[in-house]
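Participant: Those protein sequence lines, which keep their order, are chains W and A. Residue 266 in the UniProt record's numbering sits at position 266 of the first sequence, and the numbers go up by one each step. Residue 211 in the UniProt record's numbering sits at position 211 of the second sequence, and the numbers go up by one each step.
Everything labelled a hint here was simulated from the structure, so no lab data went into it. Accuracy of the hints is not assured; some may be wrong.
[As the list claims (entries may be wrong)] Below, in silico cross-link-like pairs of lysine-lysine (DSBU-like), each with a Cα-Cα straight-line distance of 30 Å or less:
hint	chain 1	residue 1	chain 2	residue 2
1	A	K285	W	K18
2	A	K282	W	K185
3	W	K102	W	K185
4	A	K285	W	K234
5	W	K102	W	K27
6	W	K173	A	K285
7	A	K142	W	K149
8	A	K142	W	K174
9	A	K270	W	K149
10	W	K173	A	K142
11	A	K282	W	K284
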Amino acid sequence: MDLETVKERAGPREFSPKDDMPEEYRKAATRMIQFHANSEIMGAYLERPFIRQAPSLERKLAFSAKVQDELGHGQLLYRAAESLGIKTRQEMLDELANGQGKFLNCFHYPMESWVETPMIAFFVDGAAMRRQATLKSTSWEPYAHAMDKVCFEEGFHVKHGEAVLHELMTGSKKEQEMAQAAFEKWWPRIIQFFGPTDKQSTHHGFASEVGLKKMSNDELRRAFLNTYIPKAEKYGLVIPDTPTIEKNDDGTYNVAEDELDWDEFFQIAKNEYEPGLGQIDSRKKAQEAVAWVRESMDNHEQRLYGGTSPQAAD
Amino acid sequence: MAAAQQLPGPQDLTDEQREAVEMLLYRLADDEFVIAERYTEWQVRAPTIESDLSVANIAQDELGHARLWYDLLEDFGYEEPDLIWEREAGDWRHSTLCELPFGEGDWADFVVRSYLYDEAEFVRVKALEGSSYPRLADRVEKVLAEERYHREHARSWLERLCEDDDSRARVQDAVDRLLPYALTLFSPTDEEIEARIDELGLRTENLLSMREAWLDEVVPTLESAGLHVEEAELPEQYDVHHVDFDLPDETGRDQSHTDYWFDLFDEFTKSYRELGRHSAMKIMKDPDDE
């Protein structure tokens, strides 16, 4: 299929592995889905220590299930990315381990306290939900299909995050203050989640022309702010002064973007942000520590089937 | 063993009966809670995404079982903070097998530990099917169904890892290290109370006979996988020489614990303490209504 035909036909779930897609499309889709899959894994990696810190047994159960879901999403998304024929799952996992794989800005920041968990599980997951909901009608069918399950489960995660936030904001004064401090720390990062305005985004044009991306960064951020500013205020959080956000009469917002630290954002985008390297490197170390198991499993597969298919041991 | 007389509900037990029921429940609940706490360390660190997902499943099952058993302790007026968050670390009754940390990348430890634990869990929960305490017996079926899957999972990993020499050596190392601790799963808390648990028919097998049944299962399995079990090298009569096994200094059951436990306890109660909490949020239906 030539690129012009792709652009003409680029409707929801229009293309699948049965179609002969041009390389440009397959590369763009791979980049997008791989980023998404990596983010699921690194988000889970960031949240995992807080399974231990959950302050009730049932919350611990819910937290473990959430982290498990994120891993499951990663698994699903790597499969959707693999179906484009550009990279294998192993190649993508290797890239993630060796620091080449890109992922969401918020998951680069270290997380230290329980009160930070709803900043991810409510706000970041809520922001992700916005984007993911639109991707149910992306043009690459396996990606849209994965989004069905992902969005369904993310709905629970946001509720989980909202419940943790609610608990904190109806708790002691100390809890409320700790939550507000965490919110102030995370808020600018959450605004940056949607990336720079469309005119600065390099990949936007093509991805939307071929139906991979359904809404622009600006539209998504506006929709997020419309929903989440009132929610944050409902729970008693005070929206930080930076960045300045003004609401227009038509319900849209003006965000003073130049007040945000875009140097840091682009440093993160290149996996060069110093505090975030700890996440990447420690995950790499953890993966290398169990490389012997994967080798052993490959030997097992060899003995069984004589082939060279990669391990999928459960 | 003759069927013991059925015991009444929690409010109508005598003090002696209640003490026995509580002790049995602490054994069960603390084991499940603490081993699950350790299992979650493998989440997002297991060898593959697939093994990651199953380790998470198993941790959640065990946590779910802990929840069922702690809930029966709540029948006696305790609340979750009394049972977990504000309890003295030195009061816990779990076997020390559950509290040991995992070395980085030591998947063999996870496989061996979960194998030894799940086989023991199966034996002891089977012995609760005919418990004279109906509140307990009623919850056994759900636990057993999940343990069947855990055992299959652990066995299949054990077999696969033992196929090549390098990984079998790691498994052997884990067996040597963990077997003494696994034996504490069958150690008594207080001899007198344990005897009462048996007399009252709260379980239908005593600790020694369960330990024999467990060893008769795990020793031949380990050996057939090419592993070596030091003290079990005598002939087929496994029940003769099991007495020779040395227990570690800390069994957990008698409230003696390794230093690792106190660190772990500090870690998992950290947020609860930092937030200054006095209660634990329930977010699920009561197990009786599920």
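Participant: Mind listing which of the numbered hints don't hold for this structure, in increasing order?
Facilitator: Hints 1, 8, 9, 10 and 11 not satisfied by this model.
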